[in-house]
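Line by line, the protein sequences give chains U and G. Numbering of the first sequence is given in this note's numbering, commencing with residue 1 and proceeding in unit increments. Numbering of the second sequence is given in this note's numbering, commencing with residue 193 and proceeding in unit increments.
Careful, some of the hints might be misleading.
As the list claims (entries may be wrong) - So these bits of chain U aren't anywhere near chain G, every CB distance computed over 12 Å:
| id | residue |
| --- | --- |
| 1 | Asp82 |
| 2 | Ser123 |
| 3 | Val175 |
What the hints assert, rightly or not - Under the rule of at most 30 Å between Cα atoms (straight-line distance), these lysine-lysine pairs were calculated in the DSS-like manner:
| id | chain 1 | residue 1 | chain 2 | residue 2 |
| --- | --- | --- | --- | --- |
| 4 | G | Lys205 | U | Lys84 |
| 5 | U | Lys84 | G | Lys206 |
| 6 | G | Lys263 | U | Lys84 |
| 7 | G | Lys204 | G | Lys263 |
| 8 | U | Lys84 | U | Lys152 |
| 9 | U | Lys152 | G | Lys205 |
| 10 | G | Lys263 | G | Lys206 |
| 11 | U | Lys14 | G | Lys204 |
| 12 | U | Lys152 | G | Lys206 |
| 13 | G | Lys205 | G | Lys263 |
| 14 | G | Lys204 | U | Lys84 |
| 15 | G | Lys205 | U | Lys14 |
| 16 | U | Lys152 | G | Lys204 |
| 17 | U | Lys14 | G | Lys206 |
| 18 | U | Lys14 | U | Lys84 |
| 19 | U | Lys14 | U | Lys152 |
| 20 | U | Lys14 | G | Lys263 |
To be verified - Each pair of labels, with its calculated beta carbon distance range:
| id | chain 1 | residue 1 | chain 2 | residue 2 | range |
| --- | --- | --- | --- | --- | --- |
| 21 | U | Pro116 | G | Lys263 | 38 to 46 Å |
| 22 | G | Pro259 | U | Ala144 | 34 to 42 Å |
| 23 | U | Val38 | G | Asp202 | 29 to 37 Å |
| 24 | U | Trp161 | G | Gly225 | 18 to 26 Å |
| 25 | G | Gln210 | U | Asn149 | 43 to 51 Å |
| 26 | G | Ala207 | U | Ser117 | 22 to 30 Å |
| 27 | G | Leu213 | U | Tyr47 | 20 to 28 Å |
| 28 | U | Asn53 | G | Ala207 | 22 to 30 Å |
| 29 | U | Ile102 | G | Ile211 | 25 to 33 Å |
| 30 | U | Asn53 | G | Lys204 | 22 to 30 Å |
If you are wondering where the hints come from, they were derived from the structure by calculation, not from laboratory data. Beta carbons: idealized from backbone N, C-alpha and C, even for Gly.
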Amino acid sequence: MTTSVNTLPDYRRKLATNRLGLWLFILSDAFVFAGLFVSRFFLLGFYARPELNQILGLVITVVLLASSFSMNRAETAMAYGDRKNFLRGVLVTLVLGVIFLIGVVGVEWQIAPFSPSDGTAASLFYVMTGFHAFHVLTGVIFLAIVYRNGRKGLYSAERMWAVEASTVYWHFIDVVWIFFYPALYLIGAPVF
Amino acid sequence: MEQQIDPNLDAKKKAAWQIGLAVFVLLFALTIGEFFVGAVAVNWWFILIAIALLKAFFVVRDYMHLPRLFKGDEEEH
């Protein structure tokens with residue numbers, strides 16, 4: 001038996017509500033990141049920043065941008081019913097997300113010439129990158145679930161809300177880093 | 193029953209992919225640009241913020257598809 005909630009018009013109506021809910025969540029999450037972003041300038045001003053590896057910062061930023069591109073490609077593929085390229089795109093995004101995490105937590109945190117106990121500004125660097133890395137980790141977990149469900153054939157061009165939601169969430173993580181990258185790596189001269 | 197396949201679908205998908213690629217190339221170029229601005233002019237924070245805003249605009253519009261939110265329940269993917 002097919003219930004009314006499973007009809008395509010009902011699904012689309014629900015989709016509009018889901019989108020609104022997702023964007024409200026993203027907006028509320030963005031305020032937390034905005035608070036951290038403003039705190040960085042409150043503590044260090046516009047002319048000072050932590051001493052960080054510039055090449056590593058550039059590389060992990062490009063990796064995250066590339067992951068957004070591959071996720072956009074995956075979502076587009078699913079929207080046109082191309083499951084093979086969808087799965088490939090999600091897998092590439094997953095790998096790039098893990099590389100980003102290794103770059104920040106596994107490398108940058110280890111080579112940074114300061115620790116979280118070296119003052120408020122130093123600890124803020126770990127809070128900003130750590131909170132962002134936690135979001136990347138949750139994004140990777142969401143994408144792994146979407147990949148698994150995609151392999152089972154649970155999505156179609158008409159019914160792919162989970163794909164759209166995880167894609168928007170992943171791009172949001174990218175947008176946050178777009179602001180964190182210059183704030184942490186580029187603006188001001190290295191002072192600690 | 194034989195499935196009806198829209199012959200334009202593949203072309204539409206490739207066109208959408210090309211937009212995604214163009215946005216990525218733009219984001220990459222802006223990132224390289226801000227890297228060099230940060231390296232040579234540590235006091236030009238306003239330019240770096242402007243570049244970040246521009247990059248965020250493209251991601252929100254072209255990757256996150258913010259306009260979909262305002263198109264109601266008629267919008268397809």
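### Message
Flag every earlier hint the structure violates by its number, smallest first.
### Response
1, 3, 22, 23, 24, 25, 26, 27, 28 and 30
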